[in-house]
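Join the two chains into one complex using the hints; note that each chain is given alone, in its own frame.
Each protein sequence line maps, in turn, to chains H and V.
Reminder that position 168 of the first sequence reads as 168 in this note's numbering, one-by-one numbering, no gaps.
Reminder that position 222 of the second sequence reads as 222 in this note's numbering, one-by-one numbering, no gaps.
Straight-line alpha carbon distances no greater than 25 Å define the calculated SDA-like cross-link-like pairs of lysine to any residue that follow:
hint, chain 1, residue 1, chain 2, residue 2
1, V, Lys19, H, Ser158
2, V, Lys55, V, Pro200
3, V, Lys378, H, Thr87
4, H, Lys117, V, Leu384
5, V, Lys144, H, Ala25
6, V, Lys192, H, Glu55
7, V, Lys43, V, Gly161
Since the hints were made in silico from the structure, they are not lab data.
The chain contents come next:
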Amino acid sequence: MSSQVHGTQHFDKAKRAEIKFSPEAMQTVQTIISHYPEAKIKSALLPVLHVAQAEFGGWLSPEVMDYVASVLKIKPIEVFEVASFYTMYNLKPMGKCVLEVCQTSSCWLNGAEDIVKYIEKKLNIKVGETTTDGMFSLKVAECLGSCGTAPMLQCGASYHENLTYDKVDKILDDYKAEGKLKSYTDLDYKNTL
Amino acid sequence: MERAGVRLMGKKLLIHNDKVANIHTLDVYRAHGGYASVEKALKTMTPDQVTDEVKKSGLRGRGGAGFPTGMKWSFLAKPEGVPRYLVCNADESEPGTFKDRYLMEVIPHALIEGMITSSYALGANTSYIYIRGEYFYVARIVEKALAEAYAAGWLGKNILGTDFSHDCYVQVGGGAYICGEETALLESLEGKRGNPRIKPPFPAVAGLWGCPTVVNNVETIAAVVPIVNDGGEAYAKIGIGKSTGTKLISASGHINKPGVYEIELGIPVEEFIYSEEYCGGIRNRKKMKAVVAGGSSVPILPTELILKTAKGEPRLMTYESLADGGFATGTMLGSGGFIVMDEDTSIVKNLFTFTRFYHHESCGQCSPCREGTGWMEKILKKFLNGTANESDVDLLWDIQSKIEGKTICPLGEAAAWPVAAAIRHFKQEFLDVARSKKFVDVSHYDRLNKINA
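Bound-form chain V, shown alone (with noise of 0.2 Å):
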């Protein structure tokens, strides 16, 4: 993107040391400038101080929601006496996602440090870092980076010869998605089953074990230590208006080039899939049908709108051209989960998938989301079936509809949106599947292991 004549992309600030041979040790962390934000922050600055770089930043939490991070920390209640907590949401469970798992496992410490760093600004000396279950051996490598922070002196006890004393733990999940929405986590963390609470009050007020906490996503705390080191100023000087910094994607699907990519907030998404340093175009010289661009929760968009806005201007990988159009003819950036379907793909078998995924993660607690998302998923059957009618169609229309807006957390939202957006884009593609009852499902791995022999 051009910014002031200067064109800017390609800046990497959270995995630009990804290839460096052992970053994943506190040794070679350090020689490429690691912990450098906990002793700038530590030493030179208040905690008020930091808040205020990353609300400069113009930050917002990259696990989905994209709220500004510096607002949701200047929510949480400081009583005296009552200890804060700061807890990292590593639960990434969103069809899609699998950028947080790739950071910790390669560079584990710059979450450590993002840790230390923001809890610093926090004043919280106790935080979790709640990985999801699955995700076991990471976590056992974020233990061995925990275990060389506090041998160094990074964790424990006065760190720096400073008062600030701070505690970290890992918590494993038992394999749940709704543990990444907030108080489900908080509640999980407390050994519950992970039943969203009602809102308010707000976790930054009553949250673990009823004490002020912030929960934020692996990479929003990881971007504190760039934050930090450089001034919330520069940071805020990468990307586009409200969309700065750079974000994580995670690309899957039929693309060339599958993988974790830092982006500079701002590239079009057309760069994005079809040029060499990113996705590298689609796979077997086929051509692009569907994109998912932020997570499954996300409204699909058929080709012509994901490279181009309703408007015909170019779509950006940032939160407002994504979102551009609305629900109409927009998207969201979501999670960053970035999935590409090809020309052969149905439309309706991939919301069967995502469907079934819902129905398979709504924790029960509000009946809309617990059957409705049932509902769905049999109804989706029975187009795969070959059982569906044409009507079938407004049904799945009618229930989506009698979800959204009706649910404690938004796990309704994240089960109606792919529903309706399948329908609102693809709709021939429902009917005809109806019309002619029969639906011919594809052999994924032969097509795409034969045509690659």
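Only chain H is shown next, with the shape it has when bound in the complex (with noise of 0.2 Å):
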């Protein structure tokens, strides 16, 4: 698999045929197409952007995106226009845990390219990139709305809030033990629908 950002990524026809939301994934489609009027269920499409994200290891491919358009019942483009708009959806395949600093004013007035720095040289790659493990992608975020607790990351669902080097070992180590895929819609997000 080619791992080019944006339209030039191969379409594999046999993968797509694979592609399927678990039916407990289906479920949670199914509530969030009921929260819409009947002739508007693309109006789902972040949403169940986000369930595909998760469903479908961290990352949109073109065979995801084309699944999630016959489950809306809209065209291929339409959902490749949003997912290309929107920061929180990954056009090539991430780390488990995608580890998102805040670099905006006031996690920068805190320390945030400290901690961006500390991390780089703990994980040893550089902001976009991912550990050779595939364990970790580093990225930097715009404002994520915690400039009170700053400076922070973003990893999947959780946010991690006055930062310091001894809290991002504990982070990292935390992750790196558990070993799982970090999603936005961790924390029991179908129970909650």
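Here is the structure:
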């Protein structure tokens, strides 16, 4: 699988045929769809893409986007144009834990740049890269609404705030020990809808 | 503040119960008077009477623009047989702002109660709470609260046995600052890219799926609860002039006590920054250098102008006082995102973080914003690299002046104003960096943590 971003990825028909939401994910998708008038189910696209990203390995491949289009009865391009607009959708494979360090003003004023440098050194990767074991990806993010608890990083649904180097050590150790994919939809999403 | 000889300062209406254990649950919220506004409105008031109270209250939109809420509601078109919608803007993304997150996380029912009461006034049978995607865990808290409200009959068919039925849903976004602009938000809610629409038509006429729609900020909707409970006049008595009621302020930066504070509009800025009740002064006994008072979009002010107006009067936390002097010497209350910087802060680099932000968040529809924000980021990068020339200061000024007023939505202004204000008040700092060909960076982490240790 090529790791090119945007529309240059190879579309694999065999892979596409295998993609299907689990019954639980499908139920979540149906619940989301029920929130909108019948003729307006395209509205479900953003939340459904979050479910798809969590379900299919933490990123949206062309095959997954094509599948989501079929579920919502819209054109694949309508999915791609949305997936490529918003920052939370990954269009290439990512590490299991995507660390997103906020870098905007209040976080910068409290040492966000130093936190980024510390993680880069610790994981031996630069911003935008993934560790060779596929465990961590490092990103910088624009204001995540945690200015009063700066500096901070987000990983999946979790906000880690008032960061220090010691805290970062612990967070990375814990995630590594757990070894699981972290999604925005974590925290018993399915049970709360 | 003195009003008729009575010191009213310190009144709280929105988060007065935020320290009560389990206030996020329906039972505890209800035990503290929750959902009284729904009972009062649905059983004793007509929808127009509710709108009248909101008008009387003088409540102004708390998302940043400060437009009178009652007036916005009265613009809502009401054609026969066409559904109307209330949409809550919980896409809080303005750098320095985290008040809505706090309110939804701690007292989610305050928002839901406001949604029901406001929807009754507007005749909306369906409402959506559009929460920024990064706040996924907050969306989950609100969804749980919604489920409780449904189970107890506060939502659904024939609420409290009346003719009013209402459904309220949460939608999460995908990560885009621009969706805080109300028409971009509606596009996003329709499952599209967050490109702001050309206005008119305004959402009040053609909003969600082309239907009449009111879009209000989280805090605005929550404020409807005390307005209905106590009456619009009682609300209007709090505050000063056209700045009525209370406001949630998100305080961050180099202060001793960052956090969300509910203030009565009208307290002096100096009191807010230095009193123990609020920010508790500047960290590590440093001097204050500058303040961004209303989120990253509003003009930054140096210490002397944020504490006192150009006329030498104490600057107050109101829409009018903060704007006193226009952009030459004043700023705006905006979203209430209050970022405080100490004497060791580089205004040049802070501006770089803002401009990088706007470049990243520009939706790309209008070329002045799409290209201009990128150019400004590149030029500011030159300052940080030590390769900027003195003429780059003029170039920055020129570019920002050509973005303002030339874009579909206010993101253009939001990107231009911080650049203009930084140069207006701190030009010497830019010139010094350009002349010395050297930018001296500091590690804020080391600086703050070493002094603390």
